[in-house]
Amino acid sequence: MYEHHTQRLLSRRAFLRRMVRHGEVAVATLVFSLAMGTAGFHWLALQGWLDAFLNSAMLLGGMGPVGTIKQTSGKLFAAFYALYAGIAFLTAWAFVIAPVAHRILHKLHLDERTARK
Numbered sequence: 001m002y003e004h005h006t007q008r009l010l011s012r013r014a015f016l017r018r019m020v021r022h023g024e025v026a027v028a029t030l031v032f033s034l035a036m037g038t039a040g041f042h043w044l045a046l047q048g049w050l051d052a053f054l055n056s057a058m059l060l061g062g063m064g065p066v067g068t069i070k071q072t073s074g075k076l077f078a079a080f081y082a083l084y085a086g087i088a089f090l091t092a093w094a095f096v097i098a099p100v101a102h103r104i105l106h107k108l109h110l111d112e113r114t115a116r117k
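Counting from 1, one number per residue, gives the positions in the sequence shown under the numbering used here.
Read the hints as simulated data drawn from the structure, not as lab findings.
Careful, some of the hints might be misleading.
[As the list claims (entries may be wrong)] Taking CB as the label site, the calculated pair distances span:
| hint | residue 1 | residue 2 | range |
| --- | --- | --- | --- |
| 1 | 61 | 9 | 29 to 37 Å |
| 2 | 72 | 107 | 52 to 60 Å |
| 3 | 4 | 67 | 50 to 58 Å |
| 4 | 68 | 97 | 34 to 42 Å |
Note that CB positions come from ideal geometry on N, CA and C, so glycine has one too.
Please take these sequences and the hints and turn them into a complete structure.
What follows is the structure, given as structure tokens:
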């Protein structure tokens, strides 16, 4: 997926295309996670669509649920969704940062190789 350390640095245009692709995957992951959370809170915690969306967005953003959940199924869903949401958010963020980190490391490696010559 990424260029090998012996290859030239990716052009700025190709790098921006890579960033867009990674951004699209990250956004798709977050939208899917938000939809899954909204549906779960709606059906398992018996919340209205707006409250379900609010709770899933707050958990996905790392803030925590809003209001009280009375149903056992809703509480279990909220607990497992909170664990999933933390991982999903960090994964999406890492997916956006990965091309930038790779480019920096690749550039440093190229600079190091030219300095040794």
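Each hint tested on the structure:
1. 61 - 9: 29 to 37 Å: holds (35 Å)
2. 72 - 107: 52 to 60 Å: Since residue 72 and residue 107 have Cβ atoms about 53 Å apart, the given range 52 to 60 Å holds.
3. 4 - 67: 50 to 58 Å: Hint holds: Cβ distance 52 Å, inside 50 to 58 Å.
4. 68 - 97: 34 to 42 Å: Between residue 68 and residue 97, where Cβ atoms are some 36 Å apart, the hint holds.
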